[in-house]
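A.B. asks: If you want the building blocks of each chain, they are given just below.
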Amino acid sequence: MSLRDNPALDAWLAGVLDLPGARVTAADKLSGGAIQENWAVTVAAGATTRRVVIRRDAPATIAASRSRAEEYALIAAAHRAGVRVPQPLGFCDDPSVIGAPFAAMAWVGGTGYGPKVVRDTSLGGDRAALGRELGRQMALIHAIDPDPALAAILGPRPADPALAAVAGLRGWLDARPAPRPGLEWALRWAERHAPVPDRVTLTHQDFRTGNVLVDAQGLTAVLDWEFAAWSDPACDLGWFCARCWRFSRPDLEGGGIAARADVLAGYADAGGVAPDPARVRWWEVMAHARWAVIALQQGDRHASGAERSLHLALTGRIADTLEYQLLRMTAPEAA
Amino acid sequence: MTDALDLIAAAEQALREDVAPGGPDARYHALLAANALAMARRELARPPQDATADIAAIRAGAHDGDAGLHAALLAAARGRAWVADPGSLDPADQGVPQG
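Taken in sequence, the protein lines are chains R and G. With the first sequence counted from 1, adding 10 to any position gets you the numbering used here. With the second sequence counted from 1, adding 502 to any position gets you the numbering used here.
If you are wondering where the hints come from, they were derived from the structure by calculation, not from laboratory data. Only a predicted model underlies this, so the values are computations on that prediction, with no experimental measurement involved. The beta carbon of each residue, even a glycine, is placed where N, CA and C say it ideally should be. Warning: the hint list may mix true and false statements.
Here are the simulated lysine to aspartate or glutamate pairs, EDC-like style, with alpha carbons at most 20 Å apart [what the hints assert, rightly or not]:
#	chain 1	residue 1	chain 2	residue 2
1	R	39	G	520
2	R	39	R	28
3	R	126	G	527
4	R	39	G	527
5	R	39	G	505
6	R	126	R	103
7	R	39	R	67
8	R	39	R	20
9	R	126	R	225
10	R	39	R	261
11	R	126	R	261
Now the in silico label distances, taken between C-beta atoms and shown as ranges [said to hold, decoys possible]:
#	chain 1	residue 1	chain 2	residue 2	range
12	R	159	G	593	50 to 60 Å
13	G	567	R	109	25 to 35 Å
14	G	540	R	24	47 to 57 Å
15	R	166	G	547	43 to 53 Å
16	R	203	G	524	50 to 60 Å
17	R	173	G	567	13 to 23 Å
18	R	50	G	524	19 to 29 Å
19	G	589	R	132	17 to 27 Å
20	G	593	R	126	20 to 30 Å
If you want the footprint, here are the derived chain R segments under chain G, 3+ residues with CB under 8 Å [said to hold, decoys possible]:
#	region
21	56 to 65
22	183 to 193
23	254 to 260
Put together the whole structure using the sequences plus the hints.
C.D. replies: Laid out in structure tokens, this is it:
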């Protein structure tokens, strides 16, 4: 269903933007949405123009992904807590408007593509400062106290987030067409070495280089909230620092952007309780396992014929490199 | 072999549907197709050996500390990682894979 020449969409946008007579004058599909479609939309009313991003579900979604409505509620809560997210404008749950429920947010400039953000140091401003700022953002997220509506979306807090994460990945592997003994080995290692339960907070669950936008000055937005859930706050730090998300700069342990110490300093300065380094390292191992299983799920979408795509097929192969790294990290000598 | 053939088929489809018509993303899709063909070439040149194991036994702890199983799983993973991306291997593991 078109976003242009769509009177129902025009009327809805006129309402949420408080812009009588508004209509969509341009709509361009943005790249990088495996789970959802993102559209950059220009809305005009007389001499006034506004840029808006519209997000709706893609044809196929993956197991852990939240609905657009739930994701919108999370972004709105993060916005109220001062997290750097695009301003939420409204959510439309009427599928007749553009064919699926959708969220509208203010357009934010910046570059997100992880390899480019890591490689192009003209982006992001001072890299140590950017690392501290990203740590600060994680601390703000972990301090969010969900209101009853958001708490209902999040469900009960896991008593033991580490073992729950292991069980969750095993469940995903069981749902796949073929076993992966290498990943099973890593998950058994993780089960045996799991950190004891400690704090449980709201976590982003996909906070990494590639899911944040930066411009020449620094951070402009934290994106991709569809996996947010209760967990050990160290899981976000581990996901961010994991080697598999450092791209061409494995030496920069803060997401290929800065030193790990910069990220942790920003985290602590913003009131975050710095976790035991061993706890973060454990979540880094789990980051490789989780990304491996997600990559396999994406490859399965291609292999099953649900969505034939070379990009999905190649993403599935990333699991092979992750499994290799995992087995190196979980050798019996490390027991 | 079927995995390599599937990659070739997907690359062929991408060349016809995403590269040939041109457009702003044609270069990206061409590089993606080249990457897939290189992967298929490596897989056909050195088919990775699968390591089999009893998943339930691993989960139950029957293989905890089993250095032999770990070595077999790592060798298989090394072969598949070399197919997927030789640059992902540790320098000591790069070059011709064993097994």
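A.B. asks: It remains to establish, for every hint, whether it holds in the given structure.
C.D. replies: Status of each hint after checking the structure:
1. Annotation: proposed proximity of residue 39/R to residue 520/G holds, straight-line Cα distance about 16 Å (limit 20 Å).
2. Proximity of residue 39/R to residue 28/R is assessed by CA-CA distance (about 24 Å); at most 20 Å being required, the pair is judged violated.
3. Restraint check for residue 126/R and residue 527/G: the C-alpha separation of about 17 Å stays at or below 20 Å, so the hint holds.
4. Restraint check: the Cα-Cα separation between residue 39/R and residue 527/G comes to about 13 Å, which is no more than 20 Å; the hinted pair holds.
5. A hinted pair counts as satisfied when its Cα atoms are at most 20 Å apart, and residue 39/R with residue 505/G does not qualify at roughly 31 Å.
6. The straight-line distance between the Cα atoms of residue 126/R and residue 103/R is roughly 35 Å, outside the 20 Å bound, and the hint therefore fails.
7. For the hint pairing residue 39/R with residue 67/R, the CA-to-CA distance comes to about 13 Å; that is within 20 Å, so the pair holds.
8. Simply put, residue 39/R and residue 20/R have alpha-carbon atoms about 18 Å apart, close enough for the 20 Å limit, and the pair holds.
9. Taking the CA atoms of residue 126/R and residue 225/R, the gap is about 12 Å. The hint holds against a cut of 20 Å.
10. At most 20 Å may separate the alpha-carbon atoms for a hinted pair to count; residue 39/R and residue 261/R exceed this at roughly 35 Å.
11. Straight-line distance between C-alpha atoms of residue 126/R and residue 261/R comes to about 16 Å, which keeps the hinted pair within the 20 Å bound.
12. Look at residue 159/R against residue 593/G: about 52 Å separates their beta carbons, and that is inside 50 to 60 Å.
13. One distance hint, 25 to 35 Å for the beta-carbon pair residue 567/G and residue 109/R, is violated here, with the actual separation near 54 Å.
14. Range check, residue 540/G to residue 24/R: about 51 Å between beta-carbon atoms, so the 47 to 57 Å window is met.
15. Taking 43 to 53 Å as the suggested C-beta distance range, the pair residue 166/R and residue 547/G conforms, at roughly 51 Å.
16. At roughly 52 Å, the beta carbons of residue 203/R and residue 524/G sit within the given window of 50 to 60 Å.
17. Look at residue 173/R against residue 567/G: about 20 Å separates their beta carbons, and that is inside 13 to 23 Å.
18. Checked against the hint of 19 to 29 Å, the pair residue 50/R and residue 524/G passes, with Cβ atoms roughly 22 Å apart.
19. For the pair residue 589/G and residue 132/R, the beta carbons lie near 25 Å from each other, so the given range of 17 to 27 Å is met.
20. Taking 20 to 30 Å as the suggested C-beta distance range, the pair residue 593/G and residue 126/R conforms, at roughly 25 Å.
21. Counting residues of the region 56 to 65 of chain R whose beta carbon lies closer than 8 Å to any beta carbon of chain G gives 0, which falls below the threshold of three, so the coverage claim is violated.
22. Given a C-beta distance limit of less than 8 Å, the hint that chain G covers the region 183 to 193 of chain R holds, as 3 residues qualify and 3 suffice.
23. As drawn, the region 254 to 260 of chain R meets chain G at 0 residues by the rule of a beta-carbon pair under 8 Å; below three, the given contact is violated.
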